[in-house]
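The task is simple: from the sequences and hints, build the whole structure.
Which chain is which? The protein sequence lines are A and B, in order.
In this text, residue positions in the first sequence follow our numbering: the first is 913, and each later residue adds one.
In this text, residue positions in the second sequence follow our numbering: the first is 913, and each later residue adds one.
None of these hints come from the bench; they were simulated from the model.
Be aware that one or more of the hints could be misleading.
Since the list gives no way to pick one copy over another, a pair counts as held whenever it fits inside one copy or between any two copies.
Unchecked claim - Below, simulated DSS-like cross-link-like pairs (lysine-lysine); rule was C-alpha separation at most 25 Å, straight line:
1) Lys1216 - Lys1307
2) Lys1286 - Lys961
3) Lys1216 - Lys1312
4) Lys938 - Lys1285
5) Lys1458 - Lys1285
As the structure is a computational prediction, the values presented were derived from the model and not from experiment.
There are 2 protein chains.
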Amino acid sequence: MAHKDEFYPDWFEAAVPADSFRSIFKWGDPREYKHPNRKLYRLMRQTFKLGDDWFRQPRHLGLEAVPADLPCALDAVHVAALRTIVGPQNAHTDAYNRARVAYGKTMLDLMRLRYGVTENFPDMVLWPRNRVDLRAIVDYCEAHAIPVNIYGGGSSVSRGVEAVKGGVSLDMRVHLKRVLAFDERNQTITVEAGMSGPELERILRDAPNVLQAKRPYTVGHLPQSFEYSVVGGWVVTRGAGQNSTYYGKIEDMVICQDYVCPGGRDLATRDFPAAANGPDVDQLMMGSEGTFGILYSATLKLRKYLPQNTRRFSFIFPDWERAKDAAREIMQGEFGFPSVFRLSDPEETDVALKLYGVDGTILDTLISLRGMKKGERCLMLGTADGEAGFSRHVKRMVKKICARHGAMYTTGLVQKSWEHGRFRDPYMREDLQDYGIMIDTLECTVNWTNLEEVHTGVRAFCHSRPDTICMTHMSHFYPQGCNLYFIFIAKMEKLDEYVAYQRGILDSIQRYGATMSHHHGIGKSFAPWLEGDVGPEVMKLFKTLKRHFDPKGVMNPGGTLGLDLPDSEKRFMKK
Amino acid sequence: MAHKDEFYPDWFEAAVPADSFRSIFKWGDPREYKHPNRKLYRLMRQTFKLGDDWFRQPRHLGLEAVPADLPCALDAVHVAALRTIVGPQNAHTDAYNRARVAYGKTMLDLMRLRYGVTENFPDMVLWPRNRVDLRAIVDYCEAHAIPVNIYGGGSSVSRGVEAVKGGVSLDMRVHLKRVLAFDERNQTITVEAGMSGPELERILRDAPNVLQAKRPYTVGHLPQSFEYSVVGGWVVTRGAGQNSTYYGKIEDMVICQDYVCPGGRDLATRDFPAAANGPDVDQLMMGSEGTFGILYSATLKLRKYLPQNTRRFSFIFPDWERAKDAAREIMQGEFGFPSVFRLSDPEETDVALKLYGVDGTILDTLISLRGMKKGERCLMLGTADGEAGFSRHVKRMVKKICARHGAMYTTGLVQKSWEHGRFRDPYMREDLQDYGIMIDTLECTVNWTNLEEVHTGVRAFCHSRPDTICMTHMSHFYPQGCNLYFIFIAKMEKLDEYVAYQRGILDSIQRYGATMSHHHGIGKSFAPWLEGDVGPEVMKLFKTLKRHFDPKGVMNPGGTLGLDLPDSEKRFMKK
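Rendered as structure tokens:
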């Protein structure tokens, strides 16, 4: 039990200098915090064998100012020309504005900002105002071989936004966030690529007022990064929301797209739900991660917004095997799919029960009385969405299958608790890092047949490092497999150590047969493994596509998707 | 009412000479027939203003032998070399074997065979035995610039199989029809491309015996051509089965593929249900219609086979507007989708009620009593599949929505009657054609917003020709639109007239804004309209892909997908 007089860190909440690195890497709202609770604090202290003293003095807070004298490698003539295109108020060469769009949100990014590493900054940041600006920027940059990098919401965890070759970064959030069309009959909305997740959902859920619609709608795409992600980022990386088991991944939600590409090879698709007219160009462009062109707008399928019908559930299973079997049976049951759907392995379950407030409650006692042991028991949680009768039936079937596999129903309250934290957990990263504790994630797709080999193999690597937490869950389920998601926490402060550890996990993901990403994308971080994943002929095909769209190689260069990666940097892991 | 002493044609059932054209173009089992019933006969006679006398003497029965002296343009050296690759019993240059795989099943094909037109025959037919044969054939043909055409089930209605440039045709049905793998945990099956629809379903539905599985399965892909189609044809053309509203199109069912491509650029994908690792290569290869390479095998997702849960329904709506609204509301209802789902427009409804045995029955009287008028009323029919509670709920919701839109429930019997004829209607084509009556179909995808313009515009063109039946239905539904399917029947015997009429319909489909195919594919028939459909930049992209896979242009050349079509043959229709 928690003792109120026990030491508890004085988590950082001071004002952050406006020009500081911390003002950039701090997650979310500058005035918002979510600190680790006492149970999590105690877990950190115990796992990493740290005394309370360790947590009395934070280090590397990143309060230093971004150095103003950062050199800009772009010729003054180009700076002037690009400034003319977008207007002076939308063109920036100052260090702070460049730092703001330089990195994403992987631990490598956060560490670099925290330690004041300013590598790979763009030389100039542009805030394009419209499609005409995009066209002019791309034309100018292609003509003068200036790399074009694209910054969406900035929540990339694959180094997708990083200007490895310098050049310009386009900040899509500033102006390109309009609704271009809404068709209630077709249930579609067309938005510019910089439209943010929360703004899109605000508009749709208030559609009767904002769009003069008959009812409220949703896209149903709610990634953990929701609050700081944009539509364009979702689409070009093939992202997934936490409700994807019902709503699908973003590639299932896009009905057509409009790309601005070098050389006027702009590519727009049409808004039909299916066709048999050659290769599917939408599915070819999604996943291009800014290397073929700039996504200007996307038309998304809408769903009715029916939160009143959401049914929540959670279960504790006696062990991982029975839990996995139940999950597979649910997905292959032909009765529709749950919406949020997650299954934690034993290590994550024990942490989750602490985080979601179950540990130490009567429910916890009941779980133990049912013989569900720590280190073996597994937590499944989720929701059913859709029309009232449908969601009720899905929950009923889920309960039936779980009971058959020995699960104990632990009510919808655990799910409620998860929902409360779903977008807020990232706020804890700074707190932990202030005391040298790294928390990061990697993920992959497995099918049911290779799931266990990947789970065991990756975890074995993670735990080959002493005093390291590796929590794993399955989420984003399909009848043929699921996403396997690893959260690793360790006392780790050195950049090199982090990079080597991440590489080892990625090696293991590939070695044990998973595909390299389910929804984070490839970016520059995972590019060395891509050819080993898709094979050399697919890689050649990607390069052909790249040459088609961007023969001069100005779009998001420097390793993205491995298109311009030297063979020496590629990794091919086999058992 | 039908009078038994009324004249009724003596439909052709005589034995057909084994070497005749009719033995090739006759649909299906040589000993099976489905003749037009008396009501349909009367409708033909009245609509086309023909007397009984017209139906006393059939013409152009196509009983002539395929001329044995058909020249083979392939050099004897090549014939010998290709014969060596596959073995003499699998290599054929005789006219009859070449005629058998020369054409598909569009009316143009049937007319040509009936009239003894032998244009565009392949020079040689090969029956590849395995992947090694495919590899060797493609290598040899690429080295010697010999066109490679691929014949699957032969049910193409887009001139997809036609050897416009001569060369070899590969008959995939003979040997390449094996099950390569079955993974019950993943619910997938891997089969060679020549596996026929019925054989695949036989194996899966009998999986406990044939595959030592725990239960029976289905792919759920049942096109009208089911009995004479193969998996490879489904996949490379992006086909759809009649139950696609629940099971999806074939592109939703494929999890990975293995292609043999020129120059060793063989391309195999991996069996993961989703990924974020670059462009989706499966979706890029599906729709390539044999122009990038030869599909050797495909891994398909399986579904539980649960025929005991199928719920049937049918409704008559007072008018087309209310019927369409109900269909859209069903698809946007968030309670799951029906499986078979069809909505006939007024013209088709009146014919359908004759065909499905409703006309003249008590049900017909009841429909009239409810004020549903001929020429206005619309028939909706379908099924719900899946787990028992799911299918029950889908049917319940469908009934509720239809009732709200003024529909009368006409029981599941009409659907039963449709199912009885679902794979047998094609047998009637020869009967009609024996008396100079052409029946053919064209289809497209519409979204809800442009549906009516396409429906009205295409029908106006069809009816601009006097005495022509144009029945239209919606099928293959999505929340964002559906397939619009036109069946036209006319007294028409001349090839030229048929080609011009078909062109006019296709012009109208494009002019009024639909996409050129939902599931028939593009082939050579619809290729002139493809660039107008997808736009010039997508067309350039297709050509880049073609050059990547097949720089020498040997794979299915002669217009397929418009990849080598002269600009002068392209059609761009705008309002």
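Q) Of the numbered hints stated previously, which ones are contradicted by the structure, given in increasing order? A) 4 and 5
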